[in-house]
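Engineer: Given next are the chains, with one letter for each unit.
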Amino acid sequence: MQNDIIFSAKNISKYFGHGKKRVCAVNDVSFDIADGEIVSIVGGSGCGKSVLAKIMLGLYSPNQGSFLYKGKQITNTLDHWSEVQSVFQDPFGCFNQFFSIRTQLKDAFGILKNKLSKQEVDRRVDEALLAVNVKPADIEGKYPFELSGGQMQRMLLARIFALKPKVLIADEPTSMVDACVRANILDYLMKLKDELGMTIIFVTHDIGLAYYVSDRIFIMHEAKIVEAGKPEEVTQNPQNPHTVRLLEDIPDINREWIKK
Amino acid sequence: MRFMKKVACGVFVLSFAFLMSCEKKEGGSIPRNETLWLAGSQWGDPNTFNPLVEPWLVAWPVNDRFNLMYEPLIAYNSLTGANEPMLGTLISHDTEKIVVEMQPEAEWSDGKKVTSTDVKFIYELGRRFSHPVFSGFGEFISEITVDTVNAKELVTFVVNKEDRNNPLAILDMLQAIRIAPAHVFEQYLADNDNDFNKTKDIKCDKDPVVSGPYTLIDYNNERIILKRRDDYWGNKVLYDGKLPVPKYIVHPIYKNNDNFAVNLQKGNLDASMNYIPRIDEKRKEGVSTWYNAPPYYVPGSIHFLYLNNTKAPLSDKNFRRAVAAAIDYAAISRRALSNYAPEMKPGLIMHSGLEKKFYDEAEVVKHSVPLGDKEFAKKLLEQSGYKPVFDDKDVLKHTLDPSGNILQPISIKAPSGWSDWESIVKMVVEQLRSVGIDARTGFVDGGQYWTSLPSGDFDMIMRKPPIAVTASTPWSRFNAVLSSRNWVPASGGSNMYENEGRYNNPSDPSYNPRVEELLKAIPLIVDQDSLKAAYVELNNIFLEDQPVIPVCHLPEEYYQFSTKVWVGWPTEKSPFAPPQLPWVGVGRNTLWRLELAGK
Amino acid sequence: MSKILEVKDLSLHYLTRFGQKVHAVTDVSFTMNQGEILGIAGESGCGKSTLVNGLMGLFIPPLYPTGGDVLVSGESLMNRKPEDIRVNVLSQKVSMIPQGAFNALNPTRKIKDIAADVIAAHGSGQSVSKQKIYERLKERFDLFGMDTEHILNSYPIQLTAGERQRSVIGISTLLNPKVVIADEPTSALDVTTQKVVIKMIFELLERNIFSTMIFITHELPLLRHVAHNIAIMYAGEFVEYGTSTQVVHDPRHPYTKALMGAMLSADAGQKHRKPTTIEGAPPSLAKTMVGCRFAERCPSARPECKQKTQSMRMVGERLVRCDYAE
Amino acid sequence: MLKLLRNLIKEPMFVIGSFLFLTTILAGLLGPSLYTAHPDAIDSYVQPFKQYELESGKHIKYWLGTDDLGKDYVALLLRGLQNSLYVGFMAGIIATTIGTLVGLFAGFKGGIIDDVLTMFTNLFIVIPSFVVLVLVSASWPEGRSLTLIAILIGLTTWPWTARSVRAQAASLRGRDHISLARINGATNLQIIFKHILPYLASYVFMVFIMQVASGILSESAISMIGLGPVGEGSTSLGVILNIAKDQGALTDKKWWGIFPAAGVITVMVFALYLLNNSMEGVFNPRLRK
Amino acid sequence: MLKKYPTVRYISQRAIWYFLTFLIALSLNFFLPRFGSDPVDTMMAQAAGGLSLEKAKEMEEGLRLSYGLIVVDKQGNIVRDTVIKIDTVVVRDTIFTTVKESVADSLGNALVNERREIESIVLRETLIERPEAVARKASVVSQLFNYIRQVFKGDLGKSFENGKPVSEIILQALPWTLALQFPAILLGWIFGNSLGALAAYKRGVFDKALFPFALLMSSVPFFVFGMALVYFFGIIWEFFPVAGGVDKSLLSPNFFEFISSAAYHYVLPFFSIFLILAGGQAIGMRSMGIYELGTDYIKYAKWLGLKETRVLAYLFRNAMLPQLTGLALSIGQMVGGALITEMIFSYPGLGFAMLNAITSNDYPVIQGVTLLITTSVLLANFTVDILIALLDPRVKASLSMDSK
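Here the protein sequences come in this chain order: A, B, C, D and E. Per the working numbering, the very first residue in the first sequence carries number 4; after that it's consecutive. Per the working numbering, the very first residue in the second sequence carries number 838; after that it's consecutive. Per the working numbering, the very first residue in the third sequence carries number 52; after that it's consecutive. Per the working numbering, the very first residue in the fourth sequence carries number 373; after that it's consecutive. Per the working numbering, the very first residue in the fifth sequence carries number 711; after that it's consecutive.
Chain A on its own, in the form it takes in the complex (with noise of 0.2 Å):
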């Protein structure tokens, strides 16, 4: 079992500037994470959530505590990025705007530690545009800016479904979006766990698409994780007030959610 746990944290915090300006973002928190699950890290904003999900991409260290990656501390940055992976937020921030889209896709593949041959990279960027239901003469020559936010969320995808990378964060990759789009992106997570067993940290402030998603939710508070679970046991039987909050906040369209 040990050989399966992806990311163990024991007791990291991490922080920000020195003496009384200090802010911590990330307070005592300690979790592991098996190979192949989905984790969803749920919270209001300024929660620390994607704090956490930086420290797991090895683009913050912690101040305190330990964090491993199959075990290992994270010290070479470009190996743990060949290994893990993340899509961002903002669609259209994510590509430069000066570089076609399939380039740019082909560029990826620079963070792997085998090289490919150009024949090997090309076959698997058209695999991977197929993956997201678009057909690679659509994008062929094209630039970020004449694509939709919908389409280079999709092409975000892509890129990962293109580098098979074991781990994948994702960042809030639906609060930029229409709710339409948005179940679009849900939909490629979870196929990306069904078809290529990526182990993905998806991180959100909206509890309903965790649940939707997730192997497990951790609910965040105050850089602190102040619940964790199965999906069904935060939702259904929340025992956080915090958590409970976040699900009462939350108007859905059967319960009642405000007085009129």
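Just so you know, not all the hints are guaranteed correct.
Stated by the list, open to error - Calculated lysine-lysine pairs in the DSS-like style (CA-CA distance at most 25 Å, straight line): (1) C:Lys229 with C:Lys189; (2) C:Lys72 with D:Lys566; (3) B:Lys1035 with E:Lys784; (4) C:Lys132 with E:Lys767; (5) E:Lys863 with B:Lys1035; (6) D:Lys481 with B:Lys1103; (7) A:Lys138 with C:Lys357; (8) D:Lys566 with A:Lys57; (9) C:Lys183 with C:Lys132; (10) C:Lys181 with E:Lys1017; (11) C:Lys183 with A:Lys145; (12) C:Lys72 with E:Lys767; (13) E:Lys767 with B:Lys1035; (14) C:Lys229 with E:Lys1009; (15) E:Lys863 with B:Lys1040; (16) D:Lys481 with A:Lys57; (17) B:Lys1211 with B:Lys1234; (18) E:Lys912 with C:Lys72; (19) E:Lys1017 with C:Lys189; (20) C:Lys183 with A:Lys194; (21) D:Lys382 with A:Lys118; (22) B:Lys1301 with E:Lys912; (23) A:Lys57 with A:Lys138; (24) B:Lys1121 with D:Lys481; (25) B:Lys1103 with D:Lys422; (26) A:Lys116 with D:Lys625; (27) D:Lys566 with A:Lys109; (28) D:Lys566 with A:Lys121; (29) E:Lys784 with C:Lys132.
Hints in this document: simulated from the structure, not taken from any laboratory. Note that the coordinates shown come from a computational prediction; the quantities given were computed from them, not determined experimentally.
With the hints as your guide, set chains B, C, D and E onto chain A.
Structural biologist: Chains B, C, D and E only, in chain A's frame:
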């Protein structure tokens, strides 16, 4: 925001009111018809009016040879060569001593008499405080003695035979050194523990004790205003009891050449002593000069191209002579100098003015190269073994010396921004290159110019030696150009402040002792024929060796005047005073003869 | 129940910098009675924000009315001088709660000054003392149950996101407007703050500060709780218009259906329900369009949809812009 | 991109600006070969400051008259134009290169490097560059060449570029596409040149245009006070003005000595400003409305 | 203590920063002129003509002393090091033959009565060692410290040209420069910014007419515009005087006479700075204004139906703040350009003093003036920094947040 608005409104209203009040008011200004506006001496801010301060630091009219506030013993008339009386009268001068009689009526503005005590005070300052400016005393004058004959004081300046043995220089001093009131400055010295530097810090700008016809009443950075002293002692003694005509003399301080021409033409300025290009174009605006036709001005000084006599190929006499022959002097005058330079004749003696008597055309032609003769120059170069090399476009590439080595290009230095000299240098370069001498312009920053001059760090350099037209010209010119008295090698960290081209190295086999001998002898020669013979001999040596190149004869000081307000200026047709502004030397006589225009 | 707002076949267009004409709103009609809350939902770029300007009578170039009319309490907003609109309509008859409260408040002005500016802009001409204005503001802001003194005397940057949003709401409703248009007032907030803000709006409604509101958002579930009626907007047109229960629980237009299908919630039983997705993107409004504007993306599109322009018709007690909806 | 360029061409300011500027450049490049009179050739037979000269009733010898030495003003202006452009471009290139590198580095790196570089930049901004220019030019020992003046101007004006580039680069630093490039394994240099510089290219180009304009202005100002380039062939427009003013062209109503050269400077700078402003309008979407 | 007053803390931080900048500027001011020739050499060459070598050396030492270039002990005496100089002296022995010639006789008694001709020259080389007391040169660092010390004492040296203390020259010129530049820059800034804001807000014909004109104005160099004003208003039409700050013929004028004469001389230089500056500021403000117009708060203000003047005030106020920063940063450039204007109009201010110092290589004055310009630009920057901290609540708020 509201506050900002209020401020803005206030400022606008105020400034509008300010602008509305702009009408020219006559109120506190001095009346134009009693005022003579003269300009061109003071360019910077006036600082001190203390006559004991170094002349380059003191303000007009206390500096230089301006005789409006303080006066010398005698004044030199550059038209006639006479030494006219001022505070004293020249009684006699010979090779042993110079005797001056004090004017018994001369008195200071505080009523005290001007006496030999005042004379001795100023002349002995140099010895007393080792002051560089008044230092000539020891070198030139061995002693000053005073005799009283018939209640008149006779001051005798004894020539220092042991040192410089130069009575001419003493004559120069007598008209250059203005007498300051000894009783005033002895008091200042006593007040300052005999500290000369502290005494020099006194500005003497409030009710100064003066002997001259005008005195300082106000000054600032814009102008200096003098007012007539109606009780001036000289009015009775020197000017038949008449008063100088203008009640005020104002020296506006223009720091820009432009302002002179504009104000002369507008009638705001009556006369100036600065260079104004194309003066003939301003004639229709009432601006006149000594002559009505070129050269307009009276030539008095020579501008030179100094050559580094210690550096090949300029150490070669023939090369130097070729340079002198190659230059087209007429073109330079026409193009660069608004025709202010008369026809160029070779040598260090000018063919005009008082020096003309020493000028011997036949000798000059015999010894000089023909000027402006390019063919001659080319031939001379060829004969001396110099060979120009041209590229396929017929542009000069370089020059070969007699042993076939390529000569470094000869750089002609001039301070950048001195546009007339720059123009001269540009033309000289063009002319030299056309005879096959590889010359280039080398315009340098003023600081660099002044540094490289005494250290000898140049090939050729534009230079006007600081020589005034006095009793000692043209000896002083020969001395400045040829003297090896203080010869030191070039670029060795030692400076020479005369003969910067380092001609006639005393330790060189080619040394010509005759030059120094003649320079020493001339001040002592009394007989005019002998004097001419000596000058001609020295000039011939100069022409043969051509250690520097005279480029043009220009006026020592420019003198242009406007007849819009004042008339009666001295000119070629009415030469009652030398071509100088009415403040220099005897030029001040003009002040007693001016009239208001239209009267 | 009186008609407060009547919109008749309103069409709006604006010009891009290079002269392209964009028909942002086409033939929008609806009526609102006193006390009614209408929700308008749609994807970004569907013309919601342009519609807002039209409803306020702000036809500032490059925005122009193409046709139709807007009546507030029976008075038309069309063909009126901007100054007339400013003095008589804005803030008093129609007011607006914009999205992104942080940027909506002048960063160099204190909240009380911005509010005072609103009062001054619509005053009767005589100046009111600062003290009186302040008291009036305090009274109003006290309704929100916040630290009024602190908020009024602060610059926007010194306030939290929620405080700012509430300040904006306070300022927009200061003059008891007849109609309030809330344009995505909560879309930049997290779910918790969103609820606080909505509660506040309801507080104002309850106190009769204002009673009629248009609420614009792309979150249908939210509208379900806020609005009485819901209009779904697509490519500049209303495609479905009915009560919130009808639209949310029983959508008829294919687009509304798709939107609803894409909604997810944390309810039990929702887990692993396959959400519907809509492929493609809305059409460009700069082109002249023929046929149903949703036809390109419609899962139940028929060939004739692309030719035949659809118009609103009654289907199951609500208006639907689809000839084939049932 | 193409669309932006197409929009640019529709912009009247851009059209006028580029027309004016291309005209000056062409005049500087081709002028001397079309108008063959040599700028240093002295006509010793004309009056100083001849206004113009008609020969045989038809052939115009001096379109704009001559200067005090009898040099042809048209030839001088062409040479001056060439030299002013040279100084402007040289100074612009130096300032833009240094400024862009410093700005990119500071903006991209952030942290202490940014702090130090920013402090350094601000230091040079608040010390007036004109003063530094005067101090160095006034005390430069050997003759000041055009290149020296250009380098001095470049070295004193780069902080402006650095400052604005830093701000832009810093705002890009936090963008997602940089993070994405990073997790794509891109090196710092790749990130700077592939993912930051292209975004700044139009901006840097606009800054470059302003630097060229300010180079031309600075050169003319420093020449005007007599600290300009010296030596053969280094006549710039400022030098022409300086000489003409020294020679009394202004006060003697010899307008052709002053205003053509002054006009050429103004037109060049105006053209560059027009270009810059029209590009700003197109490249900066906030101004586009 | 300071933590309670974030603004005070901020101001003191800025003050320290500016003080450091000042020190660096001071050092630059010290070092830059030393690139070139030694100022004392220049003075010597200009003033020492005709002096004997000993006198020249004495004078040079005096000058070096007064410029702090040599070391003095506590009593104020020059510290001298003894250096042994080894000179190779070539001694020339000449063997003469006496030739009796008539020329000699005619030269008078003073000259020897015979002329000697050189027969042969024998050259001898001799080594001479001579000890020499040389004034110890001050090291550059000690000169720098000395300079800084002097500057803080208010002693900027003396002019080479007339020995006047530089501080006196500056004090005389400064009021003129302040009177000219301060209102011209301030009013130009206000006027330009108001026009720019209006153009941004109104757009349309007003903008279309104003914008190219303002752009043209801002591309005219200060001195070109100044020359054009001089040419047309001073020389062709003679409306205004072309030079000077006040009528030179005024003798102890009363206040009104002085002011009216000064105002008459003020018009042309003022407008030459004012209009160009206003042009540049209008351009900057216009684009700032357009940027601000697109912001949400302006839209919101319009939605709320605020008065047009009020919206314009919002716009002006908020666009002004970056313009104020821009003013602070570019004030050095402006002053540089405006100084040249003084030169064109021979206005008796600092710029003109500097030009004259440049033409006469009067380094102490150049240094003094540049130092003053730098100092005042730093002061202006500092003032604007404080102003912004006071005017912009965003900055204020960020300050108090920092201190939390």
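Engineer: Compare the structure with each hint and give your call.
Structural biologist: Now the hints, each set against the structure:
In summary, the hint linking Lys229 (chain C) to Lys189 (chain C) is supported, as the alpha carbons are separated by about 22 Å, within the 25 Å threshold. For the hint linking Lys72 (chain C) to Lys566 (chain D), the alpha-carbon distance of about 36 Å lies beyond 25 Å, and the restraint is violated. Proximity of Lys1035 (chain B) to Lys784 (chain E) is assessed by CA-CA distance (about 20 Å); at most 25 Å being required, the pair is judged to hold. Annotation: proposed proximity of Lys132 (chain C) to Lys767 (chain E) is violated, straight-line Cα distance about 88 Å (limit 25 Å).
For the given pair, Lys863 (chain E) sits about 20 Å from Lys1035 (chain B) by alpha-carbon distance, which is consistent with the 25 Å threshold. Between Lys481 (chain D) and Lys1103 (chain B) the alpha-carbon distance is near 65 Å, which puts this suggested pair outside the 25 Å criterion. Taking the CA atoms of Lys138 (chain A) and Lys357 (chain C), the gap is near 24 Å; set against the 25 Å cutoff, the hint holds. The suggested pairing of Lys566 (chain D) with Lys57 (chain A) holds, with an alpha-carbon distance near 24 Å, which does not exceed 25 Å.
Restraint check for Lys183 (chain C) and Lys132 (chain C): the C-alpha separation of about 31 Å exceeds 25 Å, so the hint is violated. Between Lys181 (chain C) and Lys1017 (chain E) the alpha-carbon distance is near 18 Å, which keeps this suggested pair within the 25 Å criterion. Distance hint between Lys183 (chain C) and Lys145 (chain A) is unfulfilled; the C-alpha atoms sit about 61 Å from each other, more than 25 Å. Between Lys72 (chain C) and Lys767 (chain E) the CA atoms are separated by roughly 87 Å; this puts the pair beyond 25 Å, and the hint is violated.
Taking the CA atoms of Lys767 (chain E) and Lys1035 (chain B), the gap is about 22 Å. The hint holds against a cut of 25 Å. A distance of roughly 21 Å separates the Cα atoms of Lys229 (chain C) and Lys1009 (chain E); the hinted pair therefore holds under the 25 Å criterion. Using a Cα cut-off of 25 Å, the hinted pair Lys863 (chain E) and Lys1040 (chain B) holds, with the two alpha carbons roughly 23 Å apart. Taken as a hint, the Lys481 (chain D) and Lys57 (chain A) pair is honoured in the structure, with Cα atoms around 19 Å apart against an allowance of 25 Å.
Taking the CA atoms of Lys1211 (chain B) and Lys1234 (chain B), the gap is near 18 Å; set against the 25 Å cutoff, the hint holds. About 23 Å separates the Cα atoms of Lys912 (chain E) and Lys72 (chain C), which keeps this hinted pair within 25 Å; it holds. Proposed proximity of Lys1017 (chain E) and Lys189 (chain C) is supported: the alpha carbons are some 23 Å apart, at most 25 Å. Among the hinted pairs, Lys183 (chain C) with Lys194 (chain A) is inconsistent with the structure: their alpha-carbon atoms are about 63 Å apart, more than 25 Å.
Simply put, Lys382 (chain D) and Lys118 (chain A) have alpha-carbon atoms about 47 Å apart, too far for the 25 Å limit, and the pair is violated. Straight-line distance between C-alpha atoms of Lys1301 (chain B) and Lys912 (chain E) comes to about 65 Å, which puts the hinted pair past the 25 Å bound. Taken as a hint, the Lys57 (chain A) and Lys138 (chain A) pair is broken in the structure, with Cα atoms around 32 Å apart against an allowance of 25 Å. Restraint check for Lys1121 (chain B) and Lys481 (chain D): the C-alpha separation of about 71 Å exceeds 25 Å, so the hint is violated.
A distance of roughly 23 Å separates the Cα atoms of Lys1103 (chain B) and Lys422 (chain D); the hinted pair therefore holds under the 25 Å criterion. Note on Lys116 (chain A) and Lys625 (chain D): the hinted pairing is violated, with a Cα-Cα distance of about 78 Å set against a maximum of 25 Å. For the hint linking Lys566 (chain D) to Lys109 (chain A), the alpha-carbon distance of about 15 Å falls within 25 Å, and the restraint holds. Restraint check for Lys566 (chain D) and Lys121 (chain A): the C-alpha separation of about 21 Å stays at or below 25 Å, so the hint holds.
Between Lys784 (chain E) and Lys132 (chain C) the alpha-carbon distance is near 85 Å, which puts this suggested pair outside the 25 Å criterion.
In summary, the structure is inconsistent with hints 2, 4, 6, 9, 11, 12, 20, 21, 22, 23, 24, 26, 29 from the numbered list given earlier, while agreeing with the others.
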